[in-house]
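Working from the sequences, and respecting the hints, build out all of it.
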Amino acid sequence: MKNFFHGLLLLFFVCAIPLSAQEIRSGNLDNQSTTFNRPGHIIYSINCDATWSSQYNNVRYMVFTIYTTEEEPLQAFLACAEGDDSYLLLYCDGFDPANPTQNLIAGDDDDGEDVGGSEYSSAFTASDEYVIHPYTLYKLVVTEYDSYDDRLSLFALTLYGNAHFLVGPDQMTITATADSGGTIDPAGEIEVPVFGSQRFTIHPDTGYHIGDVIVDGTGIGPQETYTFDRVTENHTIQAEFIKNQPPVITSFTADKMSGLAPLTVHFNVSAHDPDGGNIVRYNWDFNGDGVTDQISTSGSADHRFVVPGNFAVTVTAVDDEGETVSSELSVAVAKSESINLPMLTDSALKKGAADPDLHSDTWVVNTFDENATVVLTALNSNNEPVAQTTEIIPGHGKTKLSLSAFDGLDYTTVKAHPDRYLIYFSDITGNNARMASYIRTPLKAVLIAPHVAEEMAYWDTYAFISDEKPAKLNLKMGTKTLALTPEFTNMFNLGTLADSMGENSESAMWDKFISYTDNPFSDTSLMTGFEMFIKHGGDGAATELEGTGSTKLYIPHIPSETDIFWTGFAFVNSGEEDVTATATFYSDSGEVTGTSQITVPAHSKVKGLMSDLFPDAGSGAAWGIVTAAKKLVGLELYGTASGICGFSLKGESATDGIFPLMVTGENNWTGIALANPNGQEAEVTIDLVQADGTLVATKTASIPANGRFSFVAADYFSRYNLRETDYLRFHSQYGLIGVEAGGDTGRTFMVALDSEN
9 MKNFFHGLLL LFFVCAIPLS AQEIRSGNLD NQSTTFNRPG HIIYSINCDA
59 TWSSQYNNVR YMVFTIYTTE EEPLQAFLAC AEGDDSYLLL YCDGFDPANP
109 TQNLIAGDDD DGEDVGGSEY SSAFTASDEY VIHPYTLYKL VVTEYDSYDD
159 RLSLFALTLY GNAHFLVGPD QMTITATADS GGTIDPAGEI EVPVFGSQRF
209 TIHPDTGYHI GDVIVDGTGI GPQETYTFDR VTENHTIQAE FIKNQPPVIT
259 SFTADKMSGL APLTVHFNVS AHDPDGGNIV RYNWDFNGDG VTDQISTSGS
309 ADHRFVVPGN FAVTVTAVDD EGETVSSELS VAVAKSESIN LPMLTDSALK
359 KGAADPDLHS DTWVVNTFDE NATVVLTALN SNNEPVAQTT EIIPGHGKTK
409 LSLSAFDGLD YTTVKAHPDR YLIYFSDITG NNARMASYIR TPLKAVLIAP
459 HVAEEMAYWD TYAFISDEKP AKLNLKMGTK TLALTPEFTN MFNLGTLADS
509 MGENSESAMW DKFISYTDNP FSDTSLMTGF EMFIKHGGDG AATELEGTGS
559 TKLYIPHIPS ETDIFWTGFA FVNSGEEDVT ATATFYSDSG EVTGTSQITV
609 PAHSKVKGLM SDLFPDAGSG AAWGIVTAAK KLVGLELYGT ASGICGFSLK
659 GESATDGIFP LMVTGENNWT GIALANPNGQ EAEVTIDLVQ ADGTLVATKT
709 ASIPANGRFS FVAADYFSRY NLRETDYLRF HSQYGLIGVE AGGDTGRTFM
759 VALDSEN
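FYI, in our numbering the residues of the sequence shown are 9 to 765.
Hints may be right or wrong, so weigh each one.
Claimed, not checked - Dumping the calculated DSBU-like pairs for lysine-lysine here, alpha-carbon to alpha-carbon at most 30 Å:
#1 560 with 343
#2 477 with 639
#3 343 with 423
#4 343 with 452
#5 264 with 251
#6 264 with 343
#7 488 with 639
#8 639 with 452
Said to hold, decoys possible - Listed next, with one range per pair, are the computed distances between beta-carbon atoms:
#9 256 with 144: 27 to 37 Å
#10 512 with 544: 10 to 20 Å
#11 723 with 213: 51 to 61 Å
#12 266 with 627: 40 to 50 Å
#13 635 with 544: 35 to 45 Å
By construction, these hints were calculated from the structure, which means they are not laboratory data.
Each residue gets a CB set at the ideal place from its N, CA and C atoms; glycine is no exception.
Below, the structure is given as structure tokens:
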């Protein structure tokens, strides 16, 4: 081989039109990067007019980089012009003058010399094709053998084909700069190989955010990173920064500023980021201690104040630059109300078709560190005190209120006077039935029983009403109104009342209890209570009576064993307009399983099995949310062929809550379900607490965004012997909703309570 390959590469791109029919243009191939654009079938005749740039073994040569940005491979032809002794050399993946046969794709000379060990003719024909792949670098090596001219002349480079290609260096330059207020990495003049990529990261300084990123003179908006891909030309990138501005709170309101404990207040805040960014979260401090009690991603939150006092409520809006702004409201909370305990001893409940051995136990849970005091007063039918006793509930303790001090006395009502907010629930048991319901405060002037069982030959429906100071009481059912005789403790057979009012249509079988007075100088009495559905000779369910309802109702648990358990709902619209509600259902892992819609006419009830009301809930539905433009009242019932339980559907979540009921004993179980209605994963701690307030065990769990976590208490706390005096409590940084249900493995009874805070 002669000293070193000498020659010229003639690179032809495929063209179906004969050369004689194509336009010919001329140009020079020099030391600069040149772009040849092929707008049509045009031949470029280009003289090699570059000066020698390198030599090896006393042989001068010039190396050019060739590549195409066409998306399809191109075909190339090699041919050598007649003239001085020369070689045609085409390389891929680099050219090494010390090893000129390495990476050699093709070569040709003008007089039949060997090139790379192969004999080439003096001219290649169109059948000699070489594939030029897109976005791949090729080397054009131009050498001379006999010519001693300082310039590469006498050789023509002829290009043709319906495409374009570039001739240029191996490296391109990207110039990266950053204005004051931040940095760009890397910065300066960055050399990038042709077809290579380069990623830039933009970092604002503390107190600044990215205003714009300008690429090749055009702003593309704030970007934390930007990548140049398949670089084929020089570029510029410039980062601009803007000094941060804190968000602005335009309003902060509460639906009530004062009331009796426990006082549930709904807060709304409106805020925006003047930088054009987003408010990413709201931190809520409900007691003024400077510690965040709840985090929300929307500008609303609910909080229940359970102790009396004046509370400075602070909300802090945080934008996506980490800037904050706070606003404060004051909420005044007065001492908790007293309630009347359910008295089933002489009620009509025991004289009907229901279990004649039903009795009620009232339990109290103290959520405070300090001991709580409850004064129990027995009252006769004239509302005169007969006797009094005091119960002490330990801090974080659970106690069954005892009425043994009143044995042998003639009384009709027992009133409980607490010194602070306590959680009361009634556990009602008999030979064949068990059910439970909260007896909640604060009291209300209107109570709604969302369902009365129509099948009165098989079911009894009773309502317990605790009336603080009996005034006048009306019962509305459908289009009918009935005046009732109010007492401190009332037990009404709702089925019997429906018969007396002539109402029996399914949509009208719900009740609205309204307390009122004809005297403008007298206050309306306030009430609380629950209703019970009791199957003749079998189990029953109790659900608390609600007020006006909510535009959002959470369904915290849907039994998955549909071959064992059935699930049903009742929804009441007490308003003047029809309400269409959308139910969205989620799996345990947080995926949406389906959505369904129901319409509840004005002053009507819609009830049915889940499969009928929500046919599009989808398989794997574990919990759900019902939303509507107007308020609805709802309850959920589920059970087996024998056992049944139920609870009212709530519209509030809570970061802290308790499950006060514990069903224990051989062949019995207690199950817990916690749903996370937030768009973020929630970390939850679950405590097992004894009757005296002793913390026995703590466990932690993660609940996926929009997911659900469930467990059986005896399995979850398997190291401990659970007792009925134990209870569970939870805490999370995000509001959760929950329910507990218990029963026996023989499926003869079930009992349930939703979580309370």
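Structure-based check of each hint:
1. 560 with 343: holds (29 Å)
2. 477 with 639: holds (28 Å)
3. 343 with 423: holds (16 Å)
4. 343 with 452: holds (16 Å)
5. 264 with 251: Measuring from Cα to Cα gives roughly 38 Å; hence the hint is violated.
6. 264 with 343: The hint holds at about 16 Å.
7. 488 with 639: holds (22 Å)
8. 639 with 452: Measuring from Cα to Cα gives roughly 17 Å; hence the hint holds.
9. 256 with 144: 27 to 37 Å: violated (55 Å)
10. 512 with 544: 10 to 20 Å: holds (18 Å)
11. 723 with 213: 51 to 61 Å: holds (53 Å)
12. 266 with 627: 40 to 50 Å: 48 Å Cβ-Cβ, so the 40 to 50 Å window holds.
13. 635 with 544: 35 to 45 Å: holds (37 Å)
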